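J.: We have chain A; now place chain B onto it with these hints.
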Amino acid sequence: MRLATGGMIDRETQLSFRFDGRIVHAHPGDTVASALLASGIRLVGRSFKYHRPRGILTAGSEEPNALLTVGKGPGREPNVRATVQEVWDGLETQSQNRWPALSLDLMAVNDLASPFFGAGFYYKTFMWPRKAWEALYEPVIRRAAGLGALHRDPGPGEDEKAFAFCDLLVVGGGPAGLMAALAAGRAGARVILAEEDTRLGGRLLAEREHVGGQPGAEWAASVAAELAAMPNVRIMTRTAVTGAYDGGTYGALERVGAHLAPEADRPRYAFWRITAKRAVLAAGALERAMTFSGNDRPGVMMASAVRAYLNRWAVAPGKEVAIFGTGRAARATAEQLLDAGVTVTGLIDPDPGAREAQDYPVFPGGHVIGTHGRQGLSLVKISHGLVEQNIRADCLATAGGWNPQVNIACHQGARPVWDAERAAFLPPEGSVPGLTPAGSANGTFSTAACLTEGWRAGAIAAEDMGHKAPAADLPEAEEEAGATPASWVYEGPGRAWLDFQNDVTTKDVKQSAAEGFSAPEHMKRYTTQGMATDQGKMSNVNALSVLAAATGVAGGPAGTTTYRPPYVPVPISAMGAGARGSGFAPIRRSASDAAVRERGAPMVEAGLWYRASYFPRAGEKTWREACDREVRMVRHKVGVCDVSTLGKIDVQGPDAAAFLDFVYTGAMSTLKTGRVRYGLMLREDGYVMDDGTCARLGDSHYLITTTTAAAGQVMQHFDMVAQVLRPDLDVTFTSVTEAWAQFAVAGPQARVLLRTLMEDDTPLQIPFMGVTDARVMGVPGRLFRISFSGELGFEVAVPVAYGAALWRLIVAQAESLGGGAYGMEALNVLRVEKGFITHAEIDGRATAGDIGLGSMMSTRKDYIGRAAAEREGLTDPGRERLVGLKPVDGARLTAGGFLFSRGAAAERVNAEGYVTSACHSATLGRDIALAFLKRGPERIGEVVRFVDHLRGTDVLCLVCEPTFIDPAGGRMRA
Amino acid sequence: MPRLFEAPAFAELPALPGLSLAEGQWGVVTEVAPFKGELEGISSALQEAFGLDYPAPGESQTGDKARLLWVGPGRALLIGAEPPEWLGGRAALTGQTGAQAVLLVDGPAVEAVLARLVPVDLSAEVFPEGRTARTLIGHMTASVTRLGPATFELVVMRSMSGSLLHDLTRTARQVAARP
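Protein sequence lines correspond, in order, to chains A and B. For the first sequence, the positions run 0 to 973 when numbering that gives the first Met the number 0 is used. For the second sequence, the positions run 0 to 178 when numbering that gives the first Met the number 0 is used.
Only chain A is shown next, with the shape it has when bound in the complex (with noise of 0.2 Å):
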């Protein structure tokens, strides 16, 4: 019910949303829950497990009860907290994980079964048979149990990600929070201000507390302008600090639009990771549950919570409300209540020595024994002393005393430590470097010392980093600490609740701890307690309390479980965000990109790179028919190719020679100057790396090539042997991939193609393997003569700023002599026919004697992978080896289909090797394909068997000569 007066909401303007279709009204300011209180709503959704009735628990980020679906259609997102979720006009929410309405849940007969389905008791009772676990079971559960759920399309926007730097981070803007960053900021740090609620304050903007004579909210106001005045520093309100990760880096997620109407190009979210030299943890407390039977009942409700929606947001959560807890925290919410016209039914105060009151009564020594009210609450059923008796209520406020936020101070492996004397787990001593916990989340619950201790924190730090700190400035404020009650377990006939959200109880924990798992990460897994979205930040003290009780340990919880990474749920949109789509990964194009594509040439990628896979013409019905006519081509007229994704590394200095003498199987300083050489580079484990094209330009200048895929991966093996294994050499390299566009032209009439691009034809008489500075069109550039296809062959390098022009041009040309472009297809054909191998070939298995280039591998110098290549494993002459194979009666082939000797069984015992590429030969008129086969050389000549299983082919294949055309090489020496 909305209180008359009071509160930080805009009374003047009216907002609605729905919930699950009802119309609810709100104003600025408020949040799902906060209005859905305010319209007497208590029953916000079901439990996980027995689908038991939910209500609003709390009033901050650790909510495990009140999860909404938020929005419609694939923008929609489950599992947002109505306790974060701030209100906008037209906003829509739904409960979850209930059927076929939230009043009326038929799947929470489940609860009726409840004494059936405790902890474990799906894996006990589903173990048999087997194989219906994965088929029937788990689908079945899966149905009856969860939370909210995902549409099945992306929604239409997207999240963000970024980064900030600072030298102080403070985590939380409580009155800890805001000493540390006004000390910190007027000693002139560069600081950043994370807070998760919409506004600083904390638990200020909840109690009614006065700081420095004002009252708290106000005083947080103005520390908030003085902050936002400061230039170096930044606040940032609906940022919830996720992570402590290495280097002083944190992740922290904001909610960037969230809380509004959703625009186009707005994001949800945004996934900062914030670098600082020092941090401030001021992440406060949350108010301990207390654990008695039917403590989950809708109606229950922290009493720090009761406090913060009569205060901050003038709802009272009931008619009729009870008390349960002792000390100050029970006594202000008993007043506070009363003084916004709420009835007190009682304060049931476990203290035996609890004092009378004047306007409410108390039952001294007493605990909460049950509680009643089909969807919620209505009675709570109390014993103290001898006598139980039942009290009215709507709800049942408990204070249980608090739990430190210690998480991020745990988050790179230490564990809090249990402190008895404060009954509270607080933060381990340096656990992360650079990290001071300040105010509550050390355990210091006053707030005058928070205040102390958080201006010592930034100031200290501010100090540590060559500021000068101010003089010290702290308000006056409140110096009572509260207290703890002396239990806040307290079990009774019925099922007391642990985990609100796995529906784990008392009962499950004490039975994990007879079953044997007693250590607390057992008990998790065990009972899944702590394991759902909240992460137990409402229940794992409790919790572990319980399992300290059932395994006899004295003193207060035995060890905790794991604290990781985030503290609060983070969208994998956020985290991933700018990775949708094309952004997942940046896009290579080349320079004969545009026009490529102007003729309809479907890409294919190679690394990040997108190639032509072919040129369609008018008339051509199939990839197929476009590929054949460009191999023909290419073997009888003229083809041009864009070969510039190719890798170029220039190598130059006085040691160039030396360096690519180690790192090919060959020698590189016998090469002559203006002469290529073929070179295989060998990893240190002996396999083949990478193969290419090595260029001498001059003395001390190689320019070589890689494949196009591999171009980064020798780049970073260049680095390592010039770095690590010879940094006696003085040698540089550097990638020139993107300074040239380099076409392929092959073909009979190659050479009357260039001659139509060059002024005279004196670089067109180079030899076979040879290379020489060209003027193309009036542009300086490179002539290799150079074949991949088996043809005469040159390619033709330019600056790459011209790259587009010429591929036009060229292309043009080689249309009028009858060619014309040729792409990947056919490339591929190209090579097939004549043995080139690729990375199907060279795939990280293979040797170069595997290979057949043996002959490659010098026996007169030392080169990387040399010892290794000598390895008798390496060497053995029965390993696959590559042959060339032809189907007996022109069968298809298909490149990973395995062979068998003719009249073996097709298993994989009998496998002697396998299909690495595979074509249909246009050139000869049958498919073809490169095989690695077992002592494959010495079986030329021999038929053996070819089977896909995956595709259903079995074949014979006659084993050949991996070259099936022009053995010799005639042509491309032409």
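Read the hints as simulated data drawn from the structure, not as lab findings. Watch out, some of these pointers could steer you wrong.
As the list claims (entries may be wrong) - Which stretches of chain B does chain A cover? Using the computed rule of at least three CB atoms under 8 Å from a CB of chain A, they are: (1) 32-46; (2) 96-107; (3) 170-177.
Keep in mind the model is a prediction, meaning the values are calculated, not measured. All residues carry an ideal CB built from backbone N, CA and C; glycine is no exception.
T.: Structure of chain B alone, referenced to chain A:
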């Protein structure tokens, strides 16, 4: 014989909120990587030729005739002038003309946009005018240099110019759409 025409790295530049974009005109670019023991001699000679030192890590130097931009340990780009002949033999000189997509971004949103793409601190106190970093823009290797209070020069591989615009467009729109 007709001469080939030169194409820009960016076919067209989009209009973005809070940012204005222009393609940087670098002209001739040569990577200068000194051989062992040559750095000092090269630096004094560069001083004589262009009035510039060989740049220290993170440094970019601009003179009347040329610029020198640090791009990695032992590497700098000489921009806008042909390398003097005497450099040959003392340093590896590698032509890199046109190999980069150079984008000048300017405007009130520039720091906010780059804070979402570049994982280093680009605030003016630690990254003043003339400072350069070899870093990432989104998933791309890049050089980022501050040229003015609200002006940065972004350099990525020429082949990735489209992805640079894609990332900047998405980010600039998201920044502009913030409440």
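J.: Please go over all the hints and tell whether each is borne out by the structure.
T.: These are the hints, each one checked on the structure:
1. With 3 residues having a Cβ less than 8 Å from any Cβ of chain A, the segment 32-46 of chain B passes the three-residue criterion, so the hint holds.
2. Three residues within the 8 Å Cβ limit are the bar, and the segment 96-107 of chain B against chain A gives 4, so the coverage statement holds.
3. For the segment 170-177 of chain B, the proposed coverage by chain A is satisfied: 6 residues have a C-beta within less than 8 Å of a C-beta in that chain, meeting the threshold of three.
When held up to the earlier numbered hints, the structure conflicts with none and fits them all.
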